Structure formats: structure tokens, C-alpha cells
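*Asks:* This is what each chain is made of:
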Amino acid sequence: MGSISFKGRDIISINDLTREETDYILSMGDQIENLSAKGSANLCGKILVTLFFEPSTRTKLSFDTAMYKLGGQVVGFAEPKASSVEKGETLSDTIKVVENYGDVIVLRHPLEGAARLAAEVASVPVINAGSGSEEHPTQALLDLYTMKKEEGKIDGLNLALVGDLRYGRTVHSLAYALSMYDVNLKLISPDQLRMRREVLDHISKRISVQEGNSLNDLLPDLDVVYITRIQKERFPDLADYEKIKGSYKITPETLKGVKDNLIIMHPLPRVDEVDPAIDSTPYAIYFKQVKYGLLIRMALLSMVLGTI
Amino acid sequence: MGSISFKGRDIISINDLTREETDYILSMGDQIENLSAKGSANLCGKILVTLFFEPSTRTKLSFDTAMYKLGGQVVGFAEPKASSVEKGETLSDTIKVVENYGDVIVLRHPLEGAARLAAEVASVPVINAGSGSEEHPTQALLDLYTMKKEEGKIDGLNLALVGDLRYGRTVHSLAYALSMYDVNLKLISPDQLRMRREVLDHISKRISVQEGNSLNDLLPDLDVVYITRIQKERFPDLADYEKIKGSYKITPETLKGVKDNLIIMHPLPRVDEVDPAIDSTPYAIYFKQVKYGLLIRMALLSMVLGTI
Amino acid sequence: MGSISFKGRDIISINDLTREETDYILSMGDQIENLSAKGSANLCGKILVTLFFEPSTRTKLSFDTAMYKLGGQVVGFAEPKASSVEKGETLSDTIKVVENYGDVIVLRHPLEGAARLAAEVASVPVINAGSGSEEHPTQALLDLYTMKKEEGKIDGLNLALVGDLRYGRTVHSLAYALSMYDVNLKLISPDQLRMRREVLDHISKRISVQEGNSLNDLLPDLDVVYITRIQKERFPDLADYEKIKGSYKITPETLKGVKDNLIIMHPLPRVDEVDPAIDSTPYAIYFKQVKYGLLIRMALLSMVLGTI
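Line by line, the protein sequences give chains W, G and E.
Numbering of the first sequence is given in our numbering, commencing with residue 78 and proceeding in unit increments.
Numbering of the second sequence is given in our numbering, commencing with residue 78 and proceeding in unit increments.
Numbering of the third sequence is given in our numbering, commencing with residue 78 and proceeding in unit increments.
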């Protein structure tokens, strides 16, 4: 892996990465943790431009913090209405302007393909912080990193992705990412919210995948439960929502008989998919994901800027 | 006082502080002024998380500046709508996320008790920048610090709190704070906006308090006038408002015969409670309060992070 | 020019500057580029306060980046609604508050004269980032700097300002700025959007000015085309707009026969005044203006703070 370099590269889709590159990024998470413990500020004098055409406090806070912890600075906007976009500027022009201000661009955009376009235009590296409904590569990388840190490995894991598998870009990127590893994957959702066909087709060729509606029977065999929020708005009939909601909720009851090493992950924010009573158990890893996310983003910023 | 340490402590309510601790904080205001004159950047590498669930330019600017002057960085949000709260996240979850990003949290929240809850959840110190209608401890501390700097002491002062004593959290926290000292306090307001009963009960046991409607007769005896904005919206009958408004306005006329050492304070923003003609007189201290506020917040951040 | 000092000065209107001072500022653009290439952070420990009472992503990003590249910090707000102004505070009071927080203030305001008022009140330097419809001095300076860098000189140039000359403060400030030099200026616009009378009167006394409606005939003689966006809202009859719009659009066709040294400038954002096919030609300078703008703002901040 010594010959892998990410200097100047864009991070647009998890599918652009080989397994070897992905493992390399995960290993850099550890390295950046060591460096920052020593107080290294390897991005001193560098500027990150954050362009959030769609609000996302959590992801923006994570990238901002990552940059500051490395000694860098951040400019940008958190809402499209504060931008020249309102005056009719194209994304391409916006990028050609802001590439003068920063050394790296982090972009979130509602449209599929926006991050790819930005990367083609920009003379500096672009990191996709979510575009359209399918791509959120840094979230997938931090999810992999969490599994590796908490389970010691990714190959061989029994995992379930649970909840809304249709609309959540987090689970799409994660499913693609997991398909690079030797895992056994369950996709648990109500029928209305099944995993998208194109994702399923892609990953089914690579790993063992089973779809289902019920989580509880599977729980005793699982190493990882990755649960997501089911949004009321997805259900024309509210009664359907109320019935379904309960069956995907993790409580102390549902965790009886699970493996000791089970970890429960969640991209957050949570509403009521996971009973707060779980928070204090060793299974609850969702807040630790935030910390791992920070490390992975610190690693990615350092890597594309060529400082590690 | 040498044994007092605030490292790791939360600053939630002025009522959590003893007089000895309060005096210690005020003395640290002077110390931080000396340190920063020497260019000390004792919070270098530290990150402040500002969570403003209720907008407040003035308080946010003050904390941001305090952190920057100490060499630290700031992440956070200035409006709830840019946050995950819109997606239904609990305050407790938000805190468990952002404690991964920063070394100290400054919180403003519309609900009573929010800052206390945040402090219980967070593994890092929480400073209350205003929650509900009663608590704004850093404002009270900067108000005390202003009195100490401008009058040389707090004990023995004749003070009047004037204007809207019912809805302003600033005057509630300040009244609690003053009740630790040996002061003579007048509470001057229209009947509709009298000081809240629970505050009055608390402070009346400790210090001499008189309520009244008229400021002008009292002025010649006062050392400190602390005046606040009266909001039109509080009056069902606009004629009442117009009549009352005038009687709480400080003009060059009303200041005839006052003591030389009188200081006029105001939490700002002012609308028309204080005639701008007063600004150039030695009585006008309201803009200097801003400077003292910056020093007190620099001191508090340094203290809870254990660097002074 | 060695005796010129801008330390402590306000930058409010291009008309406050002599030609000698203007040339000095432009020369500082080069100097700051050299300094920053060496990694100089001459504003370390300084704080810029940005008060944007009118949103402007582009200008705010440019000033923020300028300050960060010099090692300084930035506090402020990007939208009036996040400010105390909503509570009825006067601009004068806002300035007296924020001058406690920063070493220099950058102000954008919708009202004519607001920047001048702020400068009179503030004890720290104020830089006007656009106020009312006439003044945007830092844009004019960066435009001059662009011409000097790209053409090697300003004196002797044949220039055309094209498009909306009535409502755009950019072209007003630039016209005033150009009138200090020995240039030949064409003002090309639809009749509804002709240059304001007061600007025309001022500059006509100093330089050769011709007004006209058609750009294409003039193009072969021009060194500089400065084109601006024509806004649909300015036309009561949409058919008028559609007809006019086309005649001020620069395409590869319209550029046949132009001088080799022609440069096309635009304050951005562009909508469709310049065909993107032009972007890759050597005539297209509009994205380089962004870079020059950053240098001029770095120079101005350093100059008023007395560090260069």
C-alpha cells in the first residue's frame, strides 16, 4: 500500500475506490489519530471551502472541526439562499470562483452528479459530502472505519441494514462499500422502503445479500445492526406508518440473546428507532461513529492535500 | 481564593456560584486582560462549540471573539433551522454528538432548564448563554465586573434596575447576582412589567429591595442605573405604552443633580431608552460593558478549560 | 510614494483616493502576493468584523479568505435578520458595539451613506464592501488591478462598460476610478439602463466618454470590455428584455476581428452575457479577477492595519 497516493484526488463516489485504496484510507484514520494526539497541525495555512447547497449541520460541523483540528481555516456557506446561485449562477461558475479561495472544496448538493461535475471543473480536490440520493462516500468510509475499530475486522461480519433503504443515501453508499468486503448482508425494511434495485443488482453480484421485513428473528446472529430513521412522510396511510414504526425499534427487550460483540450503528439524527435505554449499553456505538467520522475526514483532507 | 478551580465546571446559573467564586471570576477578568495584552493565546488548539437555538448576534459575537482572542477556534450554528433539531433530534442527542467536536459548549436555548440538561449530558463544560426567561449568568457576571471596574466596588452601591423587569432574563440574573453583595436595590418599572415574584422573593431575603414606578425622584441618590428596553408588544393598549415609554427615558434633563460617580448601564440593544446625547457623557457606560463582557467571557472559557 | 500611509484610514469611496494613492494600493497588490508566497501571516492575532446588512456571498468570501490568508480571524454576520438590527438598533450603536470585537470592520449596507456614517462612528478602520447604489470601492480597485496586471498599464486603454450601467454599483465605482486615468471610455447600454447622470457628469470632465447602444461595431478597437448582467426585472415589457438581451451577449462570433490583447471582464455572477465557449480563450479574464480581488483585499486589510 506504500505506493498509494491521494494527493490532488477527488473523493466523489465510494465506487471510485478499490478495496486496497479503501483499506488505505481506513489505515490513515489511525495515523491521523496518532498525529493529532501529538498536536500536529499539518494543514496550517490551508483553506477549506464548504459549499452546502443543502443544509446539513452534522456533516458541516464534522468537516469544519476536522479542518480546524489540523490547523486549517474554513470559508463557505451553509445555505444556498446566501449564495450567488440565487442570482442564477451555474455550479460550474461557482466552482471556478471559489477555487481561487481554497485548497480543497467540500460540496453537498441536492442533485445527482453535482459533485462529479464540480470535480471536473475544479483545479483543487473536491470531496463529496452528499449529492443526490445515492452518494455520501465519507459517511460510508466512517461507517467502515467504525466496524473495523469496534469489531477488529470487516471481512466475515454478519450485518443488517435496517429501516428506510430506499431514500437514504447513507445506506446506499454503505451497501456499495460493504460489497468490496467478504460480508453477509441482510436488508431489512418495510416493502415500501426496500433497497433500490440498482444498488441491489450491484452488490448482489459481489456479496451474499438477503432481503426481509423482520429484524427480531435475525438479531441473535448479527455482528452489526445499522439502523436508519423511517420518515412518516413516506407513508400515504399514517396507520401503516404507526404499525411499521414499532417493528423496527430497538429496545432492551429486542436485544435479549444477541451476541456479545453486537454493535448498533445509526447515521443520526435518531428519532425513536433506538430506545435511549440502549445508549448506556456496550452495543450502542452511534455516538462513537461521530468521533470516527471526524478522524476519517481529517485523514481525507490531509490525504488529498498531500500532507500525510 | 487560591484553591478555587473552575476546570471542567459548567456555568449554568448565577445561583450556582458562591460570592467567593463570583469574586474570583471577576478577578480573573483583570488577569485575562493582562495576559491578552502580552499576546497570550492560551486556548490554541481548543475548539468552542456554539449552539444557538435562539438567535443572538451580540452574545454569539462576544463568545466567538473571546475564543479567537485566546487563539482557539469556533464551530456551531446560529439558528436552529440549520440544525438536526428540525429532524426531530433531542437536545440530549445533539449534545452527545457535538461533545465530540469541541472542548467546551456555549448554549442558548428558549426553554428553561435546557442549559442544565445539556450540562448533565455533556462530558465537556457547558456555559449557558441564556436559557428560558431567567438565566443569563455571563451577562450578570459582566454587569458585576462593569460595576466593580467603574465604581471600584460592588458592596455599598445604590442601584436601580429600570424598565421591563418581567420578561428580561438579563435583569433576573443580575438581581440574583447582586443579592450576593451588600447593595441597596430599587426596582423601577410600570406595574405591568414588575419584577417576577420568584426573583423578588429570593433577593428580598438577602438585600434591601424597594419597588417603584418612578425613576426621576431616585436619580440623585443612585450610583448605578441599569436600564432596559420596554417592548411595545407587552402592552395591549398602545396608548399605555406611549405614555409609559417616555417616563423611563434618560435624557440630559433627567440627569441634572445626579452624583458624579453615577453610571448608566444597558444590556443593549437600546432603542430609545437612553438619549444618544448621553453617549458622550462620563455617565454612559453601556458601550464599555461590551468590552468588559469580552474579558469576562475570555476568563470563563480559560477557567473551565483549566488554562488560567 | 514612500510617504503614503493608510494605517487607520477608512476605505469608503473611490472618490476619496488620489491617483497617487490608488497607484500605491495597486502596487501593494504585488507586494502582498510576494509576502504571501513566503507564507507571511502579518495579521496574526487581528480580528476582522464583517457586517453584511445585505447578503453577498462573493464579497464576503473574498474578505474572509483575505483575512485568513494573512493569519487573522473573522467574526460577524451575513444576514441582517441574524442581527440586533431586527430589534431596532441603530447602525451607530451596532458600530459602537462591534468596534470592541475587531481591529477592522468591513460593511455592506443597502443604504447610501451607511459606510460613511460607520466610519465616522468607529474607532477602528472601516472598509466599504458596497453601500447604496454607487459605492463599491474595493471592486473598483480590483478591477483596476486586473487591467494593470493583464494589460501592463491603465493609461491609454480603450475600454467599454457594457450592460446595466444604471443600477450596478460596480460600474459606478469603476467609472469614477477610471476617470483618474488617461483612458478612452465607451458606455454601452440599452436606453433604459444608461449611466447615471451624476456619474456621467463627474467623469466627463476628466476623460473622454462616449455613450452608445451597440457593442459589436466598437469591439475591434477595444482593449477592455467590462460587461455586466442585465436583469429582467428592469424591463416592464418582457419582449424588450428578450430583444435587448441578445445584443449584449459576447459569443465566439462577436469576438472575430478583436485585438489580441482584448480582455473581457465581468464582476460576476454571470448569467448568459458571456457564452461559456469564451471561458477557454485568452480573452476571458473574469475568473482571474477573483484572484486579483483577493490580493487587493489582502493588501487593503494589511494597509489599514499598518502591517505593510
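Quick caveat, the hints were computed from the structure, so don't treat them as lab data.
Keep in mind that the hints are not guaranteed to be accurate.
A pair holds if it fits inside one copy or across any two, identical chains being indistinguishable in the list.
[To be verified] In the EDC-like style, the derived pairs of lysine to aspartate or glutamate whose C-alpha atoms are separated by at most 20 Å in a straight line are: (1) Lys320 / Asp352; (2) Lys368 / Glu166; (3) Lys365 / Asp278; (4) Lys173 / Glu350; (5) Lys115 / Asp294; (6) Lys226 / Glu275; (7) Lys333 / Asp268; (8) Lys365 / Glu197; (9) Lys309 / Asp93; (10) Lys173 / Asp317; (11) Lys123 / Asp93; (12) Lys84 / Asp317; (13) Lys123 / Glu330; (14) Lys115 / Asp317; (15) Lys326 / Glu97; (16) Lys230 / Asp100; (17) Lys263 / Glu288; (18) Lys336 / Glu211.
Predicted, not measured: the structure shown is a model, and the values here were computed from it.
*Asks:* All hints, please: hold or fail.
*Replies:* Consistency of the hints with the structure:
1. Lys320 / Asp352: Answer is within; shortest intra-copy Cα gap is 17 Å, inter-copy 55 Å.
2. Lys368 / Glu166: between (36 Å within a copy, 18 Å between copies)
3. Lys365 / Asp278: neither (31 Å within a copy, 46 Å between copies)
4. Lys173 / Glu350: This pair counts as between: shortest inter-copy Cα distance 17 Å, intra-copy 42 Å.
5. Lys115 / Asp294: neither (46 Å within a copy, 64 Å between copies)
6. Lys226 / Glu275: Result: close neither inside a copy nor across copies, 30 Å intra and 52 Å inter.
7. Lys333 / Asp268: Neither: 26 Å inside a chain and 61 Å across chains, both beyond 20 Å.
8. Lys365 / Glu197: between (34 Å within a copy, 19 Å between copies)
9. Lys309 / Asp93: Neither. Shortest intra-copy (33 Å) and inter-copy (42 Å) distances fail the 20 Å Cα cut-off.
10. Lys173 / Asp317: neither (48 Å within a copy, 32 Å between copies)
11. Lys123 / Asp93: For Lys123 and Asp93, neither the intra-copy (26 Å) nor the inter-copy (35 Å) Cα distance is at most 20 Å.
12. Lys84 / Asp317: neither (49 Å within a copy, 51 Å between copies)
13. Lys123 / Glu330: Close neither inside one copy (50 Å) nor across copies (41 Å); limit 20 Å.
14. Lys115 / Asp317: For Lys115 and Asp317, the Cα distance exceeds 20 Å both inside one copy (53 Å) and across copies (64 Å).
15. Lys326 / Glu97: Neither: 36 Å inside a chain and 50 Å across chains, both beyond 20 Å.
16. Lys230 / Asp100: Within one copy only: 11 Å inside a chain, 55 Å across chains, cut-off 20 Å.
17. Lys263 / Glu288: Close inside one copy (6 Å), not across copies (70 Å); limit 20 Å.
18. Lys336 / Glu211: Neither way: Lys336 and Glu211 sit 31 Å apart in one copy and 48 Å across, limit 20 Å.
Hints 3, 5, 6, 7, 9, 10, 11, 12, 13, 14, 15 and 18 from the earlier list are contradicted by this structure; the remaining hints agree with it.
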